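Here the protein sequences line up with chains A and B, keeping their order.
Per our numbering, the first sequence starts with residue 9, numbered consecutively.
Per our numbering, the second sequence starts with residue 3, numbered consecutively.
Please note that a few of the clues may not be correct.
Residues from chain B that face chain A, not an exhaustive set, calculated with beta carbons under 8 Å [said to hold, decoys possible]: (1) GLY20; (2) SER167; (3) SER170.
Taking lysine to any residue pairs in the SDA-like style, the calculated list, with each CA pair at most 25 Å apart, reads [stated by the list, open to error]: (4) LYS14/B - ILE331/A; (5) LYS95/B - PRO119/B; (6) LYS14/B - VAL206/A; (7) LYS26/B - LYS347/A; (8) LYS347/A - ALA123/A.
Keep in mind the hints are simulated off the structure, nothing from the lab.
These numbers were taken from a predicted model, which means no experiment stands behind them.
Glycine included, every Cβ here is placed at the ideal spot set by N, Cα and C.
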Amino acid sequence: MESVLSLENYWLGLGLKLGLLAGFFLTAPLVVGYIEHKALAHMQSRLGPMEAGGFHGWAQLVADGIKFIQKEDIIPRAADRWVFALAPGVALVPALVILAVIPMGPRLFAENLDAGIFFALAVSSLSVIGILMAAWSSANKYSLMGGLRAAAQLIAYELPLVLGAAAVVIQAGSMSLIDIVETQHAFTAFGVPVPYAVPQFIGFSLFYVAALAELSRPPFDMPIADSEIIFGHMTEYTGLRYAFFMLAEYAGMVVLSALATVLFLGGWYIWPGVGLPDGMLGTLIGFGVTMGKIIALTFVMIWFRATFPRLREDQLLRMSWLILIPLALLNIVLVAVFKVMV
Amino acid sequence: MPSMPSAPSLPKIGLLKGLSVTLKTMLKPATTVQYPHVKPDLPPRTRGVIALMDENCTVCMLCAKECPDWCIYIDSHKETIPASEPGGRSRTKNQLDRFAIDFALCMYCGICVEVCPFDALFWSPEFEYSTYSIKELTHEQERLRVWMDTVPPPPELEEGAELPSEISAGLDAARKAAEKEFEAIRAASGQAGGGAAAAATGAAAGGTLTRRQRYDAIHVDAQVDQATFDRLIGEGKSERMARAMAKAAYVRAEKTRILAAEGGGE
Numbered sequence: 009m010e011s012v013l014s015l016e017n018y019w020l021g022l023g024l025k026l027g028l029l030a031g032f033f034l035t036a037p038l039v040v041g042y043i044e045h046k047a048l049a050h051m052q053s054r055l056g057p058m059e060a061g062g063f064h065g066w067a068q069l070v071a072d073g074i075k076f077i078q079k080e081d082i083i084p085r086a087a088d089r090w091v092f093a094l095a096p097g098v099a100l101v102p103a104l105v106i107l108a109v110i111p112m113g114p115r116l117f118a119e120n121l122d123a124g125i126f127f128a129l130a131v132s133s134l135s136v137i138g139i140l141m142a143a144w145s146s147a148n149k150y151s152l153m154g155g156l157r158a159a160a161q162l163i164a165y166e167l168p169l170v171l172g173a174a175a176v177v178i179q180a181g182s183m184s185l186i187d188i189v190e191t192q193h194a195f196t197a198f199g200v201p202v203p204y205a206v207p208q209f210i211g212f213s214l215f216y217v218a219a220l221a222e223l224s225r226p227p228f229d230m231p232i233a234d235s236e237i238i239f240g241h242m243t244e245y246t247g248l249r250y251a252f253f254m255l256a257e258y259a260g261m262v263v264l265s266a267l268a269t270v271l272f273l274g275g276w277y278i279w280p281g282v283g284l285p286d287g288m289l290g291t292l293i294g295f296g297v298t299m300g301k302i303i304a305l306t307f308v309m310i311w312f313r314a315t316f317p318r319l320r321e322d323q324l325l326r327m328s329w330l331i332l333i334p335l336a337l338l339n340i341v342l343v344a345v346f347k348v349m350v
Numbered sequence: 003m004p005s006m007p008s009a010p011s012l013p014k015i016g017l018l019k020g021l022s023v024t025l026k027t028m029l030k031p032a033t034t035v036q037y038p039h040v041k042p043d044l045p046p047r048t049r050g051v052i053a054l055m056d057e058n059c060t061v062c063m064l065c066a067k068e069c070p071d072w073c074i075y076i077d078s079h080k081e082t083i084p085a086s087e088p089g090g091r092s093r094t095k096n097q098l099d100r101f102a103i104d105f106a107l108c109m110y111c112g113i114c115v116e117v118c119p120f121d122a123l124f125w126s127p128e129f130e131y132s133t134y135s136i137k138e139l140t141h142e143q144e145r146l147r148v149w150m151d152t153v154p155p156p157p158e159l160e161e162g163a164e165l166p167s168e169i170s171a172g173l174d175a176a177r178k179a180a181e182k183e184f185e186a187i188r189a190a191s192g193q194a195g196g197g198a199a200a201a202a203t204g205a206a207a208g209g210t211l212t213r214r215q216r217y218d219a220i221h222v223d224a225q226v227d228q229a230t231f232d233r234l235i236g237e238g239k240s241e242r243m244a245r246a247m248a249k250a251a252y253v254r255a256e257k258t259r260i261l262a263a264e265g266g267g268e
């Protein structure tokens with residue numbers, strides 16, 4: 009399948025893809041951040057931003073971005089200068105690169121890799137390197153503690169994430185994200201067309217919980233637990249570099265929600281078995297449906313943040329190794345048996 | 003041998019209950035008031051700022067002395083008022099030159115308002131006087147006088163309440179003066195034709211009690227008159243006010259009834 013973004017001229021097409029990717033990468037996290045501001049506020053019976061931009065404070069995050077640019081960029085004297093300066097950039101890379109393989113609509117993707125899901129999960133595990141770089145180079149004990157917590161947490165939750173995705177790969181029989189969407193479109197459980205989230209409810213829950221932990225989102229935000237270790241690996245960061253870390257967090261929310269959408273919720277199809285019109289209209293509708301699902305999933309992340317208190321690091325690790333990973337293995341067995349029997 | 007860590011207990015229904023609480027709160031309107039656009043609905047006697055009725059101030063300095071923060075500044079000079087008639091003694095009076103309150107220091111305890119014996123200081127509900135500089139928070143006499151216009155009038159007395167002492171004292175004095183005058187007229191008109199008038203006055207002055215005195219002497223245990231209470235609440239009165247007024251209305255009606263019954267018996 010060929011992407012709509014591929015043009016006759018290879019370099020022109022590449023430029024278009026990169027431009028759209030960068031544009032999406034810079035705007036989608038702002039949308040999610042704005043939803044977080046508003047949803048969190050209303051869950052606390054507040055209004056959230058109301059002034060910036062005039063209409064319900066829609067420009068609040070743009071204003072925040074401008075403010076971050078103006079701030080002084082401080083590098084602590086004892087810090088490892090180059091590593092410290094590079095870390096935010098490294099933290100941004102995984103989310104940006106994964107976006108390239110995620111299909112946002114019918115034929116709307118930058119690259120169709122045969123090993124798409126493998127590529128996405130492999131790149132997502134890079135994020136821990138950016139965090140460790142920031143933590144180690146800051147020359148700050150709180151940063152270091154946060155970084156070590158993050159490393160333990162990200163490694164522990166990589167497994168349920170990968171195993172949850174592996175079950176989908178078994179079910180779909182393909183590692184290409186586009187093929188997964190297409191086979192999911194044709195999938196029926198006992199004659200009823202349903203997305204993979206229904207037969208693989210366990211896998212979906214595992215994937216979602218693991219994604220929350222991968223992103224260090226509440227209730228799994230021990231690596232940056234502000235009441236214990238100030239702000240973890242971001243303690244020493246200011247201005248634009250700090251903004252990059254925040255951008256990486258929100259871009260990560262978008263990317264992992266997009267992965268969950270593609271793997272479990274049927275991607276750009278409204279419902280398995282319900283087709284989309286051909287041509288540009290179908291692509292646009294498909295993009296809207298994908299965005300709707302992504303935003304719904306990120307909203308649930310925000311909802312969790314407003315509701316649940318932070319766990320302890322050891323509780324988190326115990327949950328991963330003693331519950332989630334055995335469950336994920338069981339899930340794979342069940343899916344494999346189901347796949348062969350049915 | 004290290005023991006195997008125990009598995010955490012599985013999540014229970016409480017997680018979903020928590021989610022429902024946050025979702026319900028989100029769907030309800032927020033309690034925030036968009037202040038500069040929407041004025042807050044404050045009680046009429048909000049203690050926003052201290053206002054000065056400068057005509058009433060006698061520069062007694064009680065407020066300045068009692069102020070825990072020493073945030074009241076008063077300057078004055080003495081003026082001599084010449085004697086009103088030749089041979090009299092001239093008097094001195096304190097003339098207020100400056101009265102300022104530094105609201106950067108003021109902690110809004112209200113002791114100055116309480117302590118002022120001449121009704122010169124009042125609480126005003128005005129609260130929008132923030133400034134860019136802390137120095138501008140020292141407000142002078144003119145500004146304090148302007149705020150005086152925002153002070154609500156004192157609440158009306160309840161029916162049957164004792165009059166304020168200064169008013170009842172004035173009324174007593176007037177009554178005594180009138181009696182004196184009446185005596186004088188009676189003495190002047192002599193005994194003739196005064197019989198009927200004397201009997202009437204005698205009855206009123208001593209002898210039997212007047213209707214008013216008998217009315218006052220009746221004791222009724224106060225109860226809330228429900229109809230009046232509901233009507234007052236409907237008119238938007240506060241519950242406290244409505245209850246007090248409904249009690250007063252009940253007592254009044256009851257006293258009138260008892261008085262009428264006794265009057266019928268006479």
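> Any of the earlier hints contradicted here, and which numbers?
Replying inline: 2, 3 and 7
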